[in-house]
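Sequence lines, in order, name chains A and B.
Here this note's numbering is used: the first residue of the first sequence is 31, the next is one more, and so on.
Here this note's numbering is used: the first residue of the second sequence is 686, the next is one more, and so on.
In short, the hints are calculated from the structure, not lab data.
It cannot be assumed that every hint is accurate.
[Claimed, not checked] Calculated pairs, DMTMM-like style, for lysine to aspartate or glutamate (alpha carbon to alpha carbon, straight line, at most 20 Å): (1) A:K85 - B:D730; (2) A:K180 - A:D165; (3) B:K709 - B:E733; (4) A:K81 - B:E782.
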Amino acid sequence: MSRPFAPQSAFVGPSDYQLLPFRFHRLDQQTEILVNECGEFLFVPEGTARKIIQKEFRANSELYPTLKAKHFIYDESSSPLLDVLAAKYRTKFSFIYGSTKLHIFVVTLRCDHSCQYCQVSRQTLNQGQFDMSRDVATSAVDMMLQCPSKHITLEFQGGEPLLAFDTIKYIVSIAKDGAVRLGKELDIVITSNLAFLTDDILNYCKVHEIKLSTSLDGPEFIHNSNRPRPGGDSYKVTTEGINRARRALGNGRVAALMTTTQLSLQHPIEIIDEYVRQSFHTIFLRPISPYGFALRSKHKTGYETDAFFEFYKAGLDHILELNRRGYNLVEIYTQIILRKILTPEGTGYVDLQSPTGAGLNVLAYNYDGSVYATDEARMLAEMKDYTFKLGSVLTNSRADIFTSPAFVALLQQGCNQSLPGCSDCAFQSYCGADPVYHHATQGDMTGHRPTSGFCRRNMKVMEHLFSLLRSGDSFIQDVFWGWVTDRNLAEMRASIPQ
Amino acid sequence: MTSAFEHVEVDAEHSKALVCIDKKIYSKAAILRACYWFSGDLWSDLKEKDECFALTVGLLVTSPTLSHPTVKKIDEWLPQIFNTLSDSQLRVEIQAETASIRELIIAKAFAESGILEDSPPGTFADPVESTNLVKIATTTSK
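Model the full assembly from the supplied sequences, consistent with the hints where possible.
Listed below in structure tokens is the structure:
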């Protein structure tokens with residue numbers, strides 16, 4: 031008995047499909063990137079977006095099942111899977127939950143360094159009136175602990191915070207007591223130039239599990255040029271401090287950050303090699319922030335975004351080469367963006383958050399009790415621009431801070447989902463809004479994306495990373511996946527089934 | 686002066702162009718979004734006519750300066766403008782077709798916050814968990 035097959039038309043599948051929300055970007059002459067509402071992406075040949083939108087795809091085309099599986103289209107044989115999409119969308123925005131996690135305490139404006147890019151109105155060493163008082167410290171800790179977040183990071187900054195070490199000890203003591211009482215986890219970091227590091231301070235940090243973060247701008251000639259101090263020996267002081275701190279606290283408790291200046295731009299390789307020489311396994315190729323004295327000394331540090339991108343690109347190439355040679359070194363900015371591109375999670379990096387991380391994920395408490403949406407907002411205040419002052423720990427409640435006109439304005443203009451230029455950008459879910467930056471550089475929190483350094487820089491960096499992902503270089507893929515999953519190359523490769 | 690492109694007139698200084706854009710193909714929203722991306726270099730003026738949109742675009746800087754050492758003629762901008770216009774129209778079409786479903790996804794994602802008067806259809810929880818497709822067996826140690 032024969033049983034005939036159904037006619038061929040029965041196997042063709044539906045010819046009509048509906049679009050799900052997505053965005054697209056032309057990567058090069060041959061390739062487009064499609065990105066769905068949850069940040070999942072697909073490389074496709076140039077012209078594919080137009081064909082999808084104009085309903086020129088057929089169910090028997092090779093790409094059709096992938097477009098369905100990746101939530102770019104749906105048809106009568108599938109559903110929009112709204113619950114799945116909603117769950118993915120919520121995961122991408124998980125950084126919103128739990129309220130402010132990073133609390134910056136500026137315990138003094140005093141500092142011995144006079145860096146050209148210094149982001150605060152630094153004061154000389156004997157200006158004690160620029161230290162945080164006990165009353166301010168107590169109220170600031172109280173406000174910090176009222177945040178619903180179960181995990182709080184308390185970061186001491188300055189000036190040079192070690193010049194007000196008694197204040198640090200007082201704050202650590204009451205913050206730890208409060209955290210235990212309220213069942214919160216507390217991480218403590220001191221950001222210091224290490225010039226005033228003593229054995230007593232190191233011992234205290236060890237007992238209280240405090241991490242140290244310092245500035246290392248590169249080899250001696252760059253570091254000392256960027257960070258002048260009496261004696262001109264900042265590099266020596268900092269590197270000696272790093273070694274002492276590592277011996278006392280362990281390598282994992284000492285981190286370094288670099289700031290890019292005009293001088294740095296010419297020397298990406300030397301800067302990275304200095305980090306390797308100092309046995310660091312992470313480096314953050316950061317652009318200079320346009321705040322504080324940096325904005326005023328624009329003739330010194332006002333380099334073009336394109337010059338920074340060339341610096342970043344050369345630096346990333348060198349870092350990948352170092353990894354190829356067996357030295358594990360992670361570039362942090364790349365790691366942050368790759369996590370957004372390659373994983374379902376969002377990240378806690380304030381500059382690349384939407385809704386803005388200003389206030390929502392970070393608060394800065396100045397020595398005088400003023401509360402700012404970010405440390406950069408505080409730097410603007412040192413230049414007499416109080417746009418982002420949310421209130422004071424001495425006179426305002428936490429509710430006042432989060433209903434202040436300044437905070438409401440930040441939120442209204444801090445969502446790239448509704449900003450001109452960003453609303454239909456394919457990189458929206460990987461990027462941020464940064465209303466503080468746009469206010470500082472363009473006088474407008476919304477910002478003008480065609481002339482925004484923030485937009486241009488991130489657009490170029492993301493295009494570059496997508497090009498590397500697209501390149502098919504399996505070594506780069508392994509390194510990137512290792513960075514995303516916090517594994518070194520050997521661990522990463524061992525985890526791949528043979 | 687006519688241009689290499691149909692429906693485009695360029696002035697004698699090559700600093701300004703009038704482009705007639707077919708209303709049946711392009712929407713006002715798409716044209717304005719495209720113009721936005723050139724607003725650092727070009728000014729634009731849009732007028733609606735019976736059959737078409739009349740878009741005038743011109744150079745913001747017409748002669749070289751220290752900050753703009755090279756100045757492109759308006760003709761050189763046109764291919765990029767047309768490509769951006771096409772992309773903008775496609776983006777408008779995606780948004781027109783998917784606006785309601787996008788709102789629903791976001792509303793469902795944040796339904797827990799209680800901002801909606803009525804719960805959106807479906808479940809807030811992970812649909813795989815809620816349909817018991819996957820169950821994680823737990824054992825209690827004694």
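Status of each hint after checking the structure:
| no. | hint | in the structure |
| --- | --- | --- |
| 1 | A:K85 - B:D730 | 33 Å, violated |
| 2 | A:K180 - A:D165 | 25 Å, violated |
| 3 | B:K709 - B:E733 | 13 Å, holds |
| 4 | A:K81 - B:E782 | 15 Å, holds |
Of the numbered hints stated above, those contradicted by the structure are hints 1 and 2, listed in ascending order.
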